[in-house]
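J.: Each chain, written out:
There are 2 protein chains.
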Amino acid sequence: MNGWVKIAGLGPGDEALVTPEVTAALAEATDVVGYIPYVARVAERPGLTLHASDNRVEIDRSQHALQMAAEGKKVVVVSSGDPGVFAMAAAVFEALESGPSEWRDLQIDVLPGITAMLAASARAGAPMGHDFCAINLSDNLKPWSLIEKRLRLAAQADFSMAFYNPRSKSRPEGFVKTLEILRDECEPERLIMFARAVSRSDEAIRISTLAEATPEMADMQTVVIVGSSRTRVIERKGAPIVYTPRFTPDEDQG
Amino acid sequence: MNGWVKIAGLGPGDEALVTPEVTAALAEATDVVGYIPYVARVAERPGLTLHASDNRVEIDRSQHALQMAAEGKKVVVVSSGDPGVFAMAAAVFEALESGPSEWRDLQIDVLPGITAMLAASARAGAPMGHDFCAINLSDNLKPWSLIEKRLRLAAQADFSMAFYNPRSKSRPEGFVKTLEILRDECEPERLIMFARAVSRSDEAIRISTLAEATPEMADMQTVVIVGSSRTRVIERKGAPIVYTPRFTPDEDQG
Numbered sequence: 438m439n440g441w442v443k444i445a446g447l448g449p450g451d452e453a454l455v456t457p458e459v460t461a462a463l464a465e466a467t468d469v470v471g472y473i474p475y476v477a478r479v480a481e482r483p484g485l486t487l488h489a490s491d492n493r494v495e496i497d498r499s500q501h502a503l504q505m506a507a508e509g510k511k512v513v514v515v516s517s518g519d520p521g522v523f524a525m526a527a528a529v530f531e532a533l534e535s536g537p538s539e540w541r542d543l544q545i546d547v548l549p550g551i552t553a554m555l556a557a558s559a560r561a562g563a564p565m566g567h568d569f570c571a572i573n574l575s576d577n578l579k580p581w582s583l584i585e586k587r588l589r590l591a592a593q594a595d596f597s598m599a600f601y602n603p604r605s606k607s608r609p610e611g612f613v614k615t616l617e618i619l620r621d622e623c624e625p626e627r628l629i630m631f632a633r634a635v636s637r638s639d640e641a642i643r644i645s646t647l648a649e650a651t652p653e654m655a656d657m658q659t660v661v662i663v664g665s666s667r668t669r670v671i672e673r674k675g676a677p678i679v680y681t682p683r684f685t686p687d688e689d690q691g
Numbered sequence: 438m439n440g441w442v443k444i445a446g447l448g449p450g451d452e453a454l455v456t457p458e459v460t461a462a463l464a465e466a467t468d469v470v471g472y473i474p475y476v477a478r479v480a481e482r483p484g485l486t487l488h489a490s491d492n493r494v495e496i497d498r499s500q501h502a503l504q505m506a507a508e509g510k511k512v513v514v515v516s517s518g519d520p521g522v523f524a525m526a527a528a529v530f531e532a533l534e535s536g537p538s539e540w541r542d543l544q545i546d547v548l549p550g551i552t553a554m555l556a557a558s559a560r561a562g563a564p565m566g567h568d569f570c571a572i573n574l575s576d577n578l579k580p581w582s583l584i585e586k587r588l589r590l591a592a593q594a595d596f597s598m599a600f601y602n603p604r605s606k607s608r609p610e611g612f613v614k615t616l617e618i619l620r621d622e623c624e625p626e627r628l629i630m631f632a633r634a635v636s637r638s639d640e641a642i643r644i645s646t647l648a649e650a651t652p653e654m655a656d657m658q659t660v661v662i663v664g665s666s667r668t669r670v671i672e673r674k675g676a677p678i679v680y681t682p683r684f685t686p687d688e689d690q691g
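Going line by line, the protein sequences match chains W and S.
The numbering of the first sequence is this note's numbering, which starts it at 438 and goes up by one.
The numbering of the second sequence is this note's numbering, which starts it at 438 and goes up by one.
Hints listed in this document are in silico derivations from the structure and should not be mistaken for laboratory results.
No experiment lies behind these values; they were computed from the predicted model shown.
Ideal placement from N, C-alpha and C gives every residue a C-beta, glycine not left out.
Fair warning: there could be bad hints in the mix.
[Unchecked claim] What follows is a list of derived Cβ distance ranges for each label pair:
1. W/E539 - S/L578: 47 to 57 angstroms
2. W/E626 - S/T460: 38 to 48 angstroms
3. W/D491 - S/K606: 46 to 56 angstroms
4. S/P457 - W/R482: 18 to 28 angstroms
5. S/K614 - W/E585: 27 to 37 angstroms
6. S/K614 - W/I671: 30 to 40 angstroms
7. W/R643 - S/K614: 36 to 46 angstroms
8. W/Q504 - S/D491: 32 to 42 angstroms
9. W/R643 - S/Q504: 28 to 38 angstroms
Next comes chain W alone, as it looks inside the complex:
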């Protein structure tokens, strides 16, 4: 078998944030599979077949990719951001584990990308400049009680936090509850940032506090970053800078 699967991160949207490694893999591929808007970012060319599929069919898509590779195709599975952060890599490995044993002989590589949280953090300044966590707020694949437990423990640990998939149209109440939990655990002045469509033409960054934040500030295109107790703002003429200092004094343990 000369086929392979590369699970590639396209970054948050701007082509200047796609790594040369990913660009080279796309240039070599015979087939690209992925969610419709991500496949739309790949240029068509002779010899390349694009297989765009809808959301929530990650396992079908993964099986398709592995099967094509087993037939000798060179397959790139595209994710936005980084494929290992709430994206396609885990889905491909789930399909691999439950699939035919010959799939395990395939060459499978994960090509990292700029995940939304880091692009958003860069735009705001350096809010994740100290210890941090990342939580997927969607309860499609895990119970809400686990999300609540993680939110409370992360706040008690005084991590900066990044939230992916904060608010879906079908379940808007999750982010309402998230804000309630955070207000219960953190002070009202705690900084919270809403970064929508980072690096794309419709990018919008909004800096607020827990006291002033409303659920409508987030949608599924938004990454939400909550600072630690030490995250600060530098005011200036242009957009303010939000950052978390590297130093934590002995007496301040969040």
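Keeping the supplied structure of chain W fixed, place chain S upon it in accordance with the hints.
T.: What follows is chain S alone, placed relative to chain W:
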């Protein structure tokens, strides 16, 4: 003032993981500042001055960069990985906040990069494929008691965890204590990965369990990743794949 500062992430080492945005910034720069081994990755050319400095002078280096930009220079501050993850962005903003007020008028951008944790995760499979946290284990800038608190709460939250700066020559006891805390909080079979020099010629990935891990498996060039309670291994002919499934059942809350 036409000067600017761009705080750029060079990724973990492989040039194929440097974003085109960072490459373009380096091509436009008049001055590059950074820690010696990172500045050594920037090609010399006419019109570009390289300012390499030693470790632990991050604030001096940041002040130098801001001062040069105030004088009209185009300055790139280089970090390895992502500048917002335990790297130079927070240091530059600390220097900005305490510096002359005219520095606040400067154009300052953070250019994200592939941070070591995501490169290491990609090499192993997808161990951070679910909720996760990142902790800097160095106690140069924070008390050890805060590190211990975060380790315990992160284990109780059942995050996958990535550790930066796990073990310095001057303070090897920190990682010994880290392993003790993890053994106290997690089961002996918990997966732990040691990823050294990821994407460089001397890359070495080692997969172990908490029961079998020893402090010597880590040094300052290593990123350590601890799986969640649900992280699994797929055995195969080549290197095994380590990944965390996306789905968590209702009855299993870590």
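J.: 47 to 57 angstroms was suggested as the range; check whether the CB atoms of W/E539 and S/L578 agree with it.
T.: For W/E539 and S/L578 the Cβ distance comes to about 50 angstroms; the hint holds.
J.: Has the hinted range 28 to 38 angstroms been met by the Cβ atoms of W/R643 and S/Q504?
T.: Distance hint for W/R643, S/Q504 holds at roughly 32 angstroms.
J.: Between S/P457 and W/R482, does the beta-carbon spacing fit 18 to 28 angstroms?
T.: At 19 angstroms between Cβs, range holds.
J.: Just to be sure I understand the hint, the distance between the Cβ atoms of W/D491 and S/K606 should be within 46 to 56 angstroms; is that true here?
T.: The hint (46 to 56 angstroms, Cβ to Cβ) holds, given that W/D491 and S/K606 are roughly 53 angstroms apart.
J.: Can you let me know if the beta-carbon spacing of S/K614 and W/E585 is within 27 to 37 angstroms?
T.: Because 30 angstroms falls inside the window, the suggested range holds.
J.: Should the hint that W/E626 and S/T460 are 38 to 48 angstroms apart at their CB atoms be regarded as holding?
T.: Between W/E626 and S/T460, where Cβ atoms are some 40 angstroms apart, the hint holds.
J.: Is it true that the C-beta distance of W/Q504 to S/D491 lies inside 32 to 42 angstroms, as the hint says?
T.: About 53 angstroms separates the Cβ atoms of W/Q504 and S/D491, which means 32 to 42 angstroms is violated.
J.: Quick check: does the Cβ-Cβ distance between S/K614 and W/I671 fall within 30 to 40 angstroms?
T.: holds (35 angstroms)
J.: For the pair W/R643 and S/K614, does the Cβ-Cβ distance stay inside 36 to 46 angstroms?
T.: holds (40 angstroms)
Violated hints amount to a single one, hint 8; each of the other numbered hints is respected by the structure.
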